[in-house]
Structures are given as structure tokens and as C-alpha cells.
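Q: So the sequences go chain by chain: A and B.
Take 298 as the starting number for the first sequence in my numbering and just add one per residue.
Take -13 as the starting number for the second sequence in my numbering and just add one per residue.
The set of hints was computed from the structure by calculation and includes no laboratory data.
A couple of the hints might just be wrong.
As a list, the in silico DSBU-like pairs of lysine-lysine whose alpha-carbon atoms are at most 30 Å apart [to be verified]:
1. B/Lys124 x A/Lys684
2. A/Lys684 x B/Lys110
3. B/Lys93 x B/Lys66
4. A/Lys682 x B/Lys93
5. A/Lys418 x A/Lys492
6. B/Lys124 x A/Lys566
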Amino acid sequence: MKFASTIALALGALLYAAAPAVAQGNSDCLACHGDAGMQDASGHSVSVDGHKFDASIHGPLQCNNCHTAIKEYPHPEQKTPVKCETCHADEAAGLVGSVHADGKDHPCTSCHGDAHSIVPKSDPKSAVYPLNVPRTCGQCHGTEGMAKKHGLASVYPLYIDSIHGFALSKEGLLVAANCQTCHGSHHILSHTDPKSATYKVNVPETCGKCHAGINADYQQGVHGKAVAAGKLGAPVCSDCHNAHAILQPTEAEFRTQSTPICGSCHKEKFSTYRDTFHSQLGSLGGYVETARCWDCHGAHEILPASDPRSPINKANLVKTCGRCHTGANESFVQYQPHANAHNRKLNPALYYIGLFMNLLLVSVLTFFVIHTLLWLIRQRIEQVKRKSTEGGNNA
Amino acid sequence: MPDPEQTVLAGGTNGAGKGAVQERFFTRFTAAQRYMHGVLFSSFLGLAATGLPMRFSQSFWARKFASAVGGFGAIIFFHKLCALVLTVAFLIHLKNIFTRGIVNREKGIFWGPNSMVANWKDVKDLIGHMRWFVGLGKRPTFGRYAYWEKFDYWAVFWGMLIIGFSGYAMWFAPFFARFLPGWALNAVLVVHSEEGLLAILFIFSIHFVNTHLRPDTFPMDMVIFTGVESEAEFKHKRPEEFDKLVKEGKLESRLGLAPATWWINFARVIGFTAILIGLTLLVLTLSAYFS
């Protein structure tokens, strides 16, 4: 062995001395690039940690497998970026045409991190490990600069406080939706592109990848059918639940903000709902049990009242109202949760009662305001008069 | 600004005015009646303060107030609590009327100059009073209860029946639905909130001014707290009742004790607090109503 190594050394020395050397092993490169402080002419670090590289998924590769332009030593400063598509052709093809295609930064390393220490995505240390994805995307999509530059909302804070974000960051659920679950990873398209997973029509299918049962219900309901029929005014999942700031729907925060969401389309129904006790209670917070739209109408499989399966079908009302109002009977469910006291034709009894009450209020107050104002004036006059004649005693 | 003489008349204890040292005081309200008024206005303030945020649930102050006191759950709890207190007070009052008027056959409960029931004189007083306002005649001489006081009483009486019934109908809706038609459940909210609004606007503007804030009594008529009023005040405000008592020789039987200073001061704090809360609620109501 001693002999062999001596030969090798001698050969190496010979080659080194003879001509520009051919760098063959990573150790040759690391002889220089292993120096942690090594920088190129413009001050960027060009050092590589050999141990980390060996441990990375790229460890078995030779430096010049990727840095193909470098064939000898000494070598000129490398200007062209490494082409990952040499090996990762599918991913690179996906990137073409995506929103990230014309990024100034390296399209691969800006998400995957330094190629010299890259680990498989199943490794918790990977930048694209499911639990790390939001933080990785958030490097750009969590900043105001990005938001301004591209007109995109700073979505990371919204996501991380959402039910998905909590499941991921607090519970560490690998199945919790992270950015790429909905948006994809390489071929990310704008939500305005009909081929995008986040294009309005495609949203139910995208969410349905996990929420299959809900999606099935939704497709049966009026909203799902309308969207399927190309009526894009109807809501998809994200219109009611939001795209990123998704809340747990049974909790107070979502319950209190849910009615205006429905009301943004169903304006008349919303306004009549607001006149009722249900809304008055519900608006004040701290009490979330009062009926919201979907407590009576259903949330996903919303059916018209004429449908016998609908919870607001006449035959089902006692049961539907009875969920909150124990003891509800046929007479009780005659209550109109959207009664309009201003509509004489639809609700004559209510209209006339309201009218009577208003007339009573206005006439009593008008009479007494005039009565009392006149009284005030007269009494003050008398008081001043008396004061001047009797020395200010009001008796 | 109240002049000092008036304060003497209203309070009547510090004896600073001319001839006030020997002032006699006459009883107008019994302790039970004064406590009834106390329970009435405290529960009414509570009902108004918790009812208004529900009526105007979309206004900024309703939500702020609600979240400050613990949300809707707390609001409805206090609303129901005050409603129960007021209901009990109302039932006690009915029982008193029943005992005095029907069981004991006390005279003058349902008719006569001391009754709360309106009579022809009240109509004449109303017209005469209004003629006096515009300078067309002399000020009428009022008896024990003037027409506006009777109106206050009956407004509250019917108001409690109507608001109380509609309130309980909402509280126990499934029970009431056994004998009320479905649309009535819609109607009770309209009735409850409109009648409640009327009561609030009326009490916090008309009653406050008629009874407390007008020049004769400004800033507060203390008789509902002390139960007594000075002879001068009695004569000036209710000459008819006074003359009648003198004529029947019963004036002495109504003699009362001058109220203690501490009690007057205490009552003032309570009374002004009530008026202040009322006026605040009035401003909030009007701001919500017209926005």
C-alpha cells in the first residue's frame, strides 16, 4: 500500500507539474472550495461543505456532473448557472409557463435551497418537506415587497393562522394542506388561467382531493350545479371559506363572519335576516349559537325549499327548527325567518302591526315634544316674571 | 341653572331661604311607592341598556358594549334578569291595587281625584294647560295626579303588558306557538322593539323633562326619593289637592318629616346617575336611529 500511494503521489506530482491539470475527483475541487471563506470576484461565497455535500442526495455526484463547463484547473470564473434540467427534466418542463418561469433568481434553488446540501423532500430538513413548504414559499409570499411588486396579497400570514396552517404548524400534520397541495409545485399557474388548480371552476376539485365528501355534497347543491353549468357568479369553496385565511367553520369567528359572506350575493335575504332576532343576537358576539344561513339551509348540499330533501322544505321544518328550538311544532315553524315588515303584499299582518307601532311612536313623541317644549318656554317666562316681582320664589 | 331658592324648595333642608326655617313637609309618596319607583327605574335602565344593543345590533357602540360586558350571552342574561325583576314589581303592584281597590274596597282607587284613572278634568286640564302655554288662559290647578303623570303611569302600565308579553313570547317561543299563530312570532319582535323604543324615547326625553328637568323642578324632583315635599311646593304644584285637604281638615294627617341631608345627597347621586345613563342611551339611540 505504501508503495502504491507513493506511486500515486509521484504520478500526481508529475501530472501537476507537466500541464494544466484535469480535475477528476470532488476532493480536488474541495481542495480550494472546501475553504469556508472562499469567494468569487464579486464577493459571493463559492465554498462547499464537503461533509454536507456527501450527506446530500447529490452526494454520489461529481462536481462537474452539474458544473459541466469546468473541465480543468485552474478554471475561469463560471458565469452560467447550473442546468438542473439535465437530470430533472420533468420538473424543469413543468416550470416552463408557470408563474415562476421568469424569476430572476435560480428557479430551483430559490425553493429547494443550496444544491450542495439538498436532501430528499421526505427529509424533515428539506425546504420542501410538507411541514416546511409554507415557510419556504413565505420567504417571498409573506412580504409586502412581493405583494406590491406583483399585486399579490401577502398570503403567508393568512395561511399560517388558518385551520390548515394550524394543523401544519401546531399539530405537525403531514396531510394538512400546504401551499403546493392546492397550487402544485412546479407548474404553478395563475388563478386566472383556466388550467390552474386554483381557477374558480377547478377549486371544488382541488379542495375535493382531500375533502371528497364535502365536494360530493357541494356538487349536489345549487351552488355546485350552477358552477358546473358555467354560472361563475355562484360560489366555490374559497368564496365562502377564503383561500388562505380559512377558519374552523364551527367556531365563533367564522360563524360571526359567515352571514355577510352569503349576504354579499343574497342581499335581499340578508337584509330581511338582519331584521330578525336571529341576526340581532348573532351580531353581538359571544353568542354564536343563533341560526346563521347555513344552519337552516345547509352549507354544501344547499337545495331549494321545493326539494323534499332540503332542510327548509315544509315537511322538514319542524326537525330543522327543532335542532335549536326544542319543542318546535307546526305552528312554531310558521315563523318567517326572512319576514319583511316593509312588504305589505308578502307580510300583511307584520306590515300593519309595524305601521301601527310606528304611527304610535311618532304621534306620541311628536305630541309630547311640542307639548313639553311649549311648557318649558312658558314656565321659564313665568319664572323670570315672578322673580322680578316677588324676589325669585317659584311658589 | 337652578337658583338657590329653588334648591331650598326641592330639597328644603338647609334653611338658607327666607322663611324656610319653619318649612313644613307633606308626604306625597309612601316608602313602598318610592321603592317601587327605584326598582322600576333600575330595571328599566337595565332593560334599556341591554335591549338597545340588540335593537341596534349593527351600530358600532352595540358591538363594543356587547363585547365589553361579555357578548350577547351576558346581554340577554341581564335583559332577562331585569325583565324578571320588573315582572315581579308589576305583579306586586297589581296585587296592591287588587287588595286596596277590590278586597278592602278602599275608595278613590279606580275613580276620583286621587285615582290614576283619567277623567274629564284631565282632558280639560290638558287643553287648559296648552292654552296657558301659548298665553290663552290661566294655568289650570292640578290635583294629586296631573294628566301627564297619569299618562306616564298608563304608558308604563300598558308598556309593561305589551313589552312583557311579547318578550316572554320570544323567550318561550315554542311554548307560545302552541296557541299563537306562526306569524305572531314575527310580530312579537316588531311589537317588542318598537314599543320598547317608544318607552325608552319617552322616558328619557319626555318624562325626564316633564318631571325633573323643567324649570319648576330643575334639576330633579326629589319627592320620588324623599317622599315629602315642602308646603310651598305642594301648594304651587297641586293647589287643588292642597285646598281639598285644608277644606277637609286632613292636611295635618299628611305632615311628614323633613328629609335628612344625607338621604337627599344619596338620592341625588342615584337620580343623577339614572338621568345620565338615560340621556346617554337617548343620544346613542337617536344616533343609531338616524344613521
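Q: Taking the numbered hints from earlier one at a time, note which ones the structure violates and give those numbers from smallest to largest.
A: 3, 4 and 6
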